Every structure is written in structure tokens, then in C-alpha cells.
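Asks: The residues making up each chain are set out below.
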Amino acid sequence: MITDYSNAPFNNMLFKDINEVGKQWIKKYGLALCKELLGTIRSKYASLPIPNAETTLDGDTLRTEAATEKEALITELRETLEQTSRKALLEADKDEAEFLQEKLSKVPYPIYIG
Amino acid sequence: MAGRFLPQRDVNLVTRVSRELVGDKQRNKDGLINQECVVYKPSLQESAVNMYGEAAGGKKVYKNGVQMNALVAADDFDFNTDEFGPDAQQNVVFSFLRQAFIDASMVLEIGDLIDWNYGYFEVGSINENQLVGGQFDQNFSVVATTFLIRKSSIQIERVRSI
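As they're listed, the protein sequences go chains U and C.
Numbering follows my numbering, with no gaps: position 102 of the first sequence is 102.
Numbers in my numbering are just positions in the second sequence, counted from 1, shifted up by 1000.
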């Protein structure tokens, strides 16, 4: 069981062993990388000649979009990892225990008949 | 021959993008813009000429048309009205991808006809001066400036006229 960074296996992971959430993240990041590469290719020529005119390519737009998406995905990953850290899990346990105690304190005492 | 800073791959990219935009009739692929026209070349064998080698009485005979894709820039119609009625005039610029003519084994020349928008336009001038990367062997486009002509002066459609 992986609880935090200390026991996370940092060896080469197989894609098939990654859970669905992780696979979705990888696919989104892969899409952003493809956009960045396509943007780089299309940025080589800002405008291309067509008969008697010129057309502009969207390389810069693609690169900007890719950079934004990559940053958002990294932020999302970092937040997800922080939510599952040892400290965050202990804090969640603490909150749960405190709420339970508060709830139990409001349970009426049984009537003692001596 | 491609230049040092313009390799053949880049030239092919330019051609491919243009085909995607304009269309590629020779390969039967529609383009994004996809403006179509038909180019007719005069048949020198079938056209009757006078002693000066001119088409007698303006009765030129044309060969079968070839469908082409082009970027079309049409001016507004201009009507001259006289005692015979209104006379429509229009100038249109057809911009072809030069490779499309090479694929069709055809050369556009002054005097050819272009059928577009239910009208026939005669090529008045041709400009082939779009050099990709400044290379004269990468001549890229054929720009034909044309003017509207009467259908009765050509032998392509049967029309009622005097």
C-alpha cells in the first residue's frame, strides 16, 4: 500500500499498472505535449504562401495553450499528492476523531436506576 | 533545387498546405476553400482562321474543359447601359497553384477561357511571380487576370443571340 512519498516505488511503472485517474492524467499531459510539438513545428513559418496570398499558422496559439495546460496539470497533480500525504491523512483522521467525540458528547446519558 | 534555408521538405509543406486550402481536383480532393472553375483552351485545329491567322469572325472553338481549383477574387459587376441595353462587365483574378497545372499537364495562356459563376472569363494577363524562398525554380502560383466575355462569342454553350 502506498501512503506517501517514503514508500512510493520510484521504479519504472508499467502503464497497465497505473490506475484510471493516473491514466487520464497521463493522457491529458500527452495531449499537451503533442500540442506543444505541433505548435513548435507550425511556428517555424509564421505565414505560408498560398496562391497570390499568405496564410498564417496557429503555432503560437498551440504553444501557449500547451504551456497553460501543462501548468494546470502539474498543479493538479501536486494538489492530489498533497491531499494524500501522511500529514494530510493524519489531519483527516484527527478531524474525524474530533467530530466523532463531539457527536458522542451529545448522546444523552442512560438513566441509572440503582 | 531547394535552397540551404528552404529544404525540399518545407517546400512540400507549403504545397501540401496550399492543396488542403485550395483543393486538389487532379487527385479528386476537396479543399477547405474549394472554389472550382473550368479552364478551356482554344483548339487551333478546329478554329477557322483568316489570312492573318486570326480566328475568323471571333468564332473560336475550344477543347474540352479541365476542372481546376483556384482562389477567386471577383470585382463588382459594372453595367454600361446604351441604346442596346445593359452590358455587364466584370474583372476576376484567378489564383491557381502552379503544381495543379503541372499535374494536369496543362499550361495556362493568354486567351484561354475560364468558366466560373455561370460566366466565361477570358485570360487577359498572367502573372507567375510568387517565388517561394526567392527560388525561381520554386515558382508557386499562376495568377490570371480575366474579364467577362459574351457567351455568344464562344462555341461552348448554345445561346440565343444575334
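Derived from the structure by calculation, the hints contain no laboratory data.
These numbers come from a predicted model, not from an experiment.
Each residue gets a CB set at the ideal place from its N, CA and C atoms; glycine is no exception.
Be aware that a few hints might be false.
What the hints assert, rightly or not - When the alpha-carbon atoms are kept at most 30 Å apart in a straight line, the in silico DSS-like pairs for lysine-lysine are as follows:
#1 U:K87 - U:K70
#2 U:K44 - C:K1029
#3 U:K35 - U:K87
#4 U:K44 - U:K28
#5 U:K87 - U:K23
#6 U:K35 - C:K1029
What the hints assert, rightly or not - Looking from chain C toward chain U, a few residues come up when the C-beta cut is under 7 Å (computed):
#7 F1096
#8 Q1099
#9 F1101
#10 I1102
#11 S1141
Asks: Determine for every hint whether it applies to the structure shown.
Replies: Structure-based check of all given hints:
1. U:K87 - U:K70: 27 Å, holds
2. U:K44 - C:K1029: 27 Å, holds
3. U:K35 - U:K87: 37 Å, violated
4. U:K44 - U:K28: 25 Å, holds
5. U:K87 - U:K23: 26 Å, holds
6. U:K35 - C:K1029: Cα-Cα ~26 Å, so holds.
7. F1096: 6 Å, holds
8. Q1099: 10 Å, violated
9. F1101: With Cβ-Cβ at 11 Å, over 7 Å, it is violated.
10. I1102: Status violated, d = 14 Å.
11. S1141: Check passed: Cβ of S1141 (chain C) comes within 4 Å of chain U, closer than 7 Å.
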